[in-house]
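The chain contents come next:
Protein chains: 2
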Amino acid sequence: MQITFSPIGTIHTPFSNLDGMPIQPSGAKDAEGTIILEPQYGEGLQDIDGFSHIILLYHFHLSKGYRLVVKPFMDTVKRGLFSTRAPRRPNPIGLSIVRLVRIDGLALHVQGVDMVNGTPLLDIKPWVPEFDVRENARAGWLDEKQQDSRSMKSDCRFAEDEQKG
Amino acid sequence: MQITFSPIGTIHTPFSNLDGMPIQPSGAKDAEGTIILEPQYGEGLQDIDGFSHIILLYHFHLSKGYRLVVKPFMDTVKRGLFSTRAPRRPNPIGLSIVRLVRIDGLALHVQGVDMVNGTPLLDIKPWVPEFDVRENARAGWLDEKQQDSRSMKSDCRFAEDEQKG
Numbered sequence: 001m002q003i004t005f006s007p008i009g010t011i012h013t014p015f016s017n018l019d020g021m022p023i024q025p026s027g028a029k030d031a032e033g034t035i036i037l038e039p040q041y042g043e044g045l046q047d048i049d050g051f052s053h054i055i056l057l058y059h060f061h062l063s064k065g066y067r068l069v070v071k072p073f074m075d076t077v078k079r080g081l082f083s084t085r086a087p088r089r090p091n092p093i094g095l096s097i098v099r100l101v102r103i104d105g106l107a108l109h110v111q112g113v114d115m116v117n118g119t120p121l122l123d124i125k126p127w128v129p130e131f132d133v134r135e136n137a138r139a140g141w142l143d144e145k146q147q148d149s150r151s152m153k154s155d156c157r158f159a160e161d162e163q164k165g
Numbered sequence: 001m002q003i004t005f006s007p008i009g010t011i012h013t014p015f016s017n018l019d020g021m022p023i024q025p026s027g028a029k030d031a032e033g034t035i036i037l038e039p040q041y042g043e044g045l046q047d048i049d050g051f052s053h054i055i056l057l058y059h060f061h062l063s064k065g066y067r068l069v070v071k072p073f074m075d076t077v078k079r080g081l082f083s084t085r086a087p088r089r090p091n092p093i094g095l096s097i098v099r100l101v102r103i104d105g106l107a108l109h110v111q112g113v114d115m116v117n118g119t120p121l122l123d124i125k126p127w128v129p130e131f132d133v134r135e136n137a138r139a140g141w142l143d144e145k146q147q148d149s150r151s152m153k154s155d156c157r158f159a160e161d162e163q164k165g
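Chains A and B, in that order, are what the protein sequence lines are. Using the working numbering, the first residue of the first sequence is number 1, and each one after it goes up by one. Using the working numbering, the first residue of the second sequence is number 1, and each one after it goes up by one.
Rather than coming from a laboratory, the hints here were simulated on the basis of the structure. Keep in mind the model is a prediction, meaning the values are calculated, not measured. Treat the hints with care, since some could be wrong.
The list treats identical chains as interchangeable, and a pair is accepted whether it falls inside one copy or across any two copies.
Below, simulated SDA-like cross-link-like pairs (lysine to any residue); rule was C-alpha separation at most 25 Å, straight line [said to hold, decoys possible]: (1) K153 x E130; (2) K64 x I3; (3) K78 x Q40; (4) K29 x R134; (5) K29 x E135; (6) K64 x Q40; (7) K153 x S16; (8) K64 x D75; (9) K153 x Y41; (10) K29 x L62; (11) K145 x S6; (12) K78 x P39.
Pulled out of the complex, with its shape left as it was, chain A reads as follows (with noise of 0.2 Å):
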């Protein structure tokens, strides 16, 4: 089964290629970047200037073919791909969350960004706590590494012409 999916608009962000770039919002709090939808679609914008978050599922539209097994950016030891946040997935959808700070028209000003330059964007989401917040969290292999992650950069692992995975 196949299922089909069309942008809905397109992500600017200061970072042109994957070398370089944060892995996470957390790395990435003040890269500023601009959502620009299509015209079509504005009307779907109203009520959003309420929310100080939005959530972003993307097309990971660099990341070709994929490993079940992979080297993290954050760890020196492969992990299953689905404990893992790489962009090389067998549907490879990013997710950010991102801090709305204000709309002109179809744009959407944001910052907090970790995405490359012209990501094609496939859907906004508000970021509700009640919905998307759960207390007393484990994260397996990343708990001890959550903080590197504010500093971490990408590197060319998971583009086009690498299977460093």
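Once you have looked at the hints, place chain B on chain A.
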């Protein structure tokens, strides 16, 4: 531009139809479900047992069409689609955070499911507080309604044949 995905598994839940289904995991803390991963992806489950919560991205497969301004389950006035978590969206991708209870081979037993039985799974990501939690968030029109989500149930408004949005 079209982007094509294929399900990596199926989410089995107690909810055989939309009527009476919880609208968010926060209203379904005890609802147990089972994810059955397609065999070719099994190796990717390594290390995921260390995480107490996982993010499920899935296809709202019963969702047909959309309106850009909708009356959400939790409100009596119409809201811009992208400020809601309504299933009928330009790209009908669902996002839920569920508790991972245990893994048996290709079966992930989870708690807090809020999707209909047979939902096609697109991706599993680890839920990581450092990446996925923001402090001092404002949740717009939902700020006053978040408590309601624990008791509110779905109805038919977003079903295939209904256009009540």
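A quick look at each hint next to the structure:
no.: 1; hint: K153 x E130; result: between (30 Å within a copy, 15 Å between copies)
no.: 2; hint: K64 x I3; result: both (18 Å within a copy, 13 Å between copies)
no.: 3; hint: K78 x Q40; result: between (43 Å within a copy, 18 Å between copies)
no.: 4; hint: K29 x R134; result: both (22 Å within a copy, 11 Å between copies)
no.: 5; hint: K29 x E135; result: both (23 Å within a copy, 13 Å between copies)
no.: 6; hint: K64 x Q40; result: between (29 Å within a copy, 18 Å between copies)
no.: 7; hint: K153 x S16; result: within (14 Å within a copy, 44 Å between copies)
no.: 8; hint: K64 x D75; result: within (22 Å within a copy, 41 Å between copies)
no.: 9; hint: K153 x Y41; result: neither (33 Å within a copy, 28 Å between copies)
no.: 10; hint: K29 x L62; result: within (23 Å within a copy, 37 Å between copies)
no.: 11; hint: K145 x S6; result: neither (35 Å within a copy, 31 Å between copies)
no.: 12; hint: K78 x P39; result: between (43 Å within a copy, 20 Å between copies)
Of the numbered hints listed earlier, those contradicted by the structure are 9 and 11.
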